[in-house]
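Asks: Counted from 1, the sequence shown has number 76 at position 76 by full-length UniProt numbering; the numbering is strictly sequential.
Hints listed in this document are in silico derivations from the structure and should not be mistaken for laboratory results. Don't take every hint at face value.
As the list claims (entries may be wrong) - Label-pair restraints from in silico Cβ distances:
no.	residue 1	residue 2	range
1	G32	P7	34 to 42 angstroms
2	G119	T3	36 to 44 angstroms
3	K140	T165	38 to 46 angstroms
4	S57	T3	30 to 38 angstroms
5	D44	G119	37 to 45 angstroms
6	R143	R67	18 to 26 angstroms
7	K140	A31	12 to 20 angstroms
8	N128	E68	27 to 35 angstroms
9	A12	T165	15 to 23 angstroms
C-beta atoms are modelled at their ideal positions from N, C-alpha and C, and glycine is treated no differently.
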Amino acid sequence: MSTFRHPDPTPAQMLLHLRGANQIARAALAAGHHPFGALLVAADHRTVLLSQGNLDSVNHAEAVLAREAARRFSPAELWDCTLYTTVEPCCMCAGTQYWAHIGRLVFGMSEADLLSLTGSHPENPTLNLPCRDVFVHGQKPVRIWGPVAEVHDEIAELHRHFWLTR
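When you get a sec, could you build the whole thing from the sequences and use the hints?
Replies: Following this line, the structure appears as structure tokens:
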């Protein structure tokens, strides 16, 4: 599972799915949860297989999605899929993606930028451990794109308001 059978997503596909993940984050916010959203997109880079918003401080959108993906799909199917998420996965979520065998990741805003918006908020004690640092220690070459500047402000807007009023 070290090679990909399908080409990487295009920049236009990345933007489309990051905006879709942000809509999931908006829905999570409307439901009273932290504003994070994630999508799992098939190897064709068009078909959305799963979507997930944040549930709570332990059940992050990416980790819940990756666990469900591992339950539903084989490692071979997941390797050519792409996980899209509004904010760079924390080390827990990156580890869950790795173990689920999801081979690609695209995120909109960095965890460092999230920290600048949340500060030392007790509901989001951000770890200074970029996902690239997690993946580089694995045995599988997970492909990573992000942060994506074109969607930064759209994603950050949900967080600016949320963390100030929480």
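Asks: Could you run down the list of hints and mark each one as holding or not?
Replies: How the hints compare with the structure:
Separated by about 39 angstroms at the C-beta atoms, G32 and P7 satisfy the suggested range of 34 to 42 angstroms. Judged by the Cβ atoms, the range 36 to 44 angstroms given for G119 and T3 holds: they are separated by roughly 42 angstroms. In this structure, K140 and T165 meet the distance hint of 38 to 46 angstroms, their C-beta atoms being roughly 40 angstroms apart. The supplied range of 30 to 38 angstroms is met by S57 and T3, whose beta-carbon atoms lie about 36 angstroms from each other.
Between D44 and G119 the Cβ separation comes to about 40 angstroms, which falls inside the hinted range of 37 to 45 angstroms. The hint said 18 to 26 angstroms for the Cβ distance between R143 and R67, and at roughly 21 angstroms that hint holds. Distance hint for K140 and A31: a CB-CB separation of about 34 angstroms, inconsistent with the stated range 12 to 20 angstroms. The supplied range of 27 to 35 angstroms is met by N128 and E68, whose beta-carbon atoms lie about 28 angstroms from each other.
Our hint of 15 to 23 angstroms for A12 and T165 is violated, since their Cβ atoms are close to 34 angstroms apart.
Of the numbered hints given earlier, the model fails hints 7 and 9; all others are met.
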